[in-house]
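Asks: Now for the letters of each chain:
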Amino acid sequence: ETGVTQTPRHLVMGMTNKKSLKCEQHLGHNAMYWYKQSAKKPLELMFVYNFKEQTENNSVPSRFSPECPNSSHLFLHLHTLQPEDSALYLCASSQVVAGGGETQYFGPGTRLLVL
Amino acid sequence: GNSVTQMEGPVTLSEEAFLTINCTYTATGYPSLFWYVQYPGEGLQLLLKATKADDKGSNKGFEATYRKETTSFHLEKGSVQVSDSAVYFCALIGFGNEKLTFGTGTRLTIIP
Chain A
89 ETGVTQTPRH LVMGMTNKKS LKCEQHLGHN AMYWYKQSAK KPLELMFVYN
139 FKEQTENNSV PSRFSPECPN SSHLFLHLHT LQPEDSALYL CASSQVVAGG
189 GETQYFGPGT RLLVL
Chain B
26 GNSVTQMEGP VTLSEEAFLT INCTYTATGY PSLFWYVQYP GEGLQLLLKA
76 TKADDKGSNK GFEATYRKET TSFHLEKGSV QVSDSAVYFC ALIGFGNEKL
126 TFGTGTRLTI IP
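Residue numbers (the numbering used here), protein chains in the order written: chain A, 89 to 203; chain B, 26 to 137.
These aren't lab readings, by the way, just hints derived from the structure by calculation.
Think about it this way: if two alpha-carbon atoms lie no more than 35 angstroms apart in a straight line, the pair counts; the simulated DSBU-like pairs of lysine-lysine are: (1) 128(A) with 107(A); (2) 77(B) with 128(A); (3) 102(B) with 129(A); (4) 124(B) with 107(A); (5) 102(B) with 124(A); (6) 81(B) with 128(A); (7) 140(A) with 124(B); (8) 110(A) with 129(A); (9) 129(A) with 124(B); (10) 110(A) with 124(B); (11) 81(B) with 140(A); (12) 81(B) with 124(A); (13) 81(B) with 129(A); (14) 85(B) with 110(A); (15) 106(A) with 124(B); (16) 140(A) with 77(B); (17) 129(A) with 85(B); (18) 124(A) with 77(B); (19) 93(B) with 124(A); (20) 140(A) with 110(A).
Simulated DEER-style distance windows between Cβ atoms: (21) 45(B) with 91(A): 22 to 32 angstroms; (22) 91(A) with 30(B): 27 to 37 angstroms; (23) 183(A) with 80(B): 14 to 24 angstroms; (24) 143(A) with 41(B): 39 to 49 angstroms; (25) 37(B) with 132(A): 22 to 32 angstroms; (26) 126(A) with 47(B): 18 to 28 angstroms; (27) 95(B) with 168(A): 40 to 50 angstroms; (28) 92(B) with 139(A): 33 to 43 angstroms.
A virtual CB, placed ideally from N, CA and C, is assigned to each residue, including glycine.
Next comes chain B alone, as it looks inside the complex (with noise of 0.2 angstroms):
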């Protein structure tokens, strides 16, 4: 079956630091791959995603690559802020399916 990894938590990083949180899947065929957010008290966004091999997705200052070779979609950002901070997912869905796989999720704080 399908399934995403993502590096455990928490991080914490200083403000305007680099930013990288680590996914892998693995899945049949080529699934979608995306990042969501879920800030404090609140539901999940959707922050990015791709669709196939070699495609970046990027949304307010985030990117990852959908890099089929290595089965990865790395979540970076050049320079966080303190309102990064919140529970970041990485989460696939496969071709022909309907049901979106989660990672157990990565807190990020960011401390001024």
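With the rest of the complex left out, here is chain A (with noise of 0.2 angstroms):
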């Protein structure tokens, strides 16, 4: 499955480091999300952008910034990051119409480590 691609695949940094997470999807959908999935706990939505703009942010710390581009691009930047950061990120993709309901796509996911 190359619909939705994520780079890097594994990520190490320390609290004091700057990195970004980059998300590609090659759908030709509108809309894209970020996900963050800890161990024992259920997903979280963190961002969503439809037509490029946000529309959610699930009150999501101030130290993950996203940007989206363009419609098939998405970046989470991360600057002074705390141990309990540290996650599987999961990047989606759909195409939202009227009515909603769109089935999401994910990307592999970027397994990152903070110490």
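Dock chain to chain to rebuild the complex, using the hints, since each chain is given by itself in its own frame.
Replies: Quick look at the structure:
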């Protein structure tokens, strides 16, 4: 499955580092999402971009900064993270139409470890 | 708000056994329902979906039927294989909504 790609697949960073996660979708979709998957916790929706506009910020700390330069690319900029931010970060995309309810397709994720 | 409840795991079965993973939901209106699968070390893959009552989604031998009267979307497979070992997530999107609500996931292990 190569519809949604994410880089890097693995990332180790210190608490003072700045890094960025990249997501690219090749499905022609108009909406993109960031999710966080931590051990023993439900999947958490972080951000939603619809037609490049952020439509959802699910009370995410400001040390996570999303960027959506176009409908195919989504970034998550990271700075001064905490060890509890270690998780699998998943990107997804969908084609949002009137009435909603469209299928989201996920990338393979970036496994982040904050030391 | 919307919610999804899945049976607690982990579930361990022998190869060729029958599988059922229960999923019930709470939502207003008519949501779309999904099962996603996450293999070890990977992201989520869409397994199957159903968008209206009495629809049956199917893929790779797995099936689930959208039951509005019982607000359920149970996942079934007649004969599981070792390669089916993964975490399975039930999810829904409410009508007119773009937010996907997930269950907590059920870890399935198939032993030879």
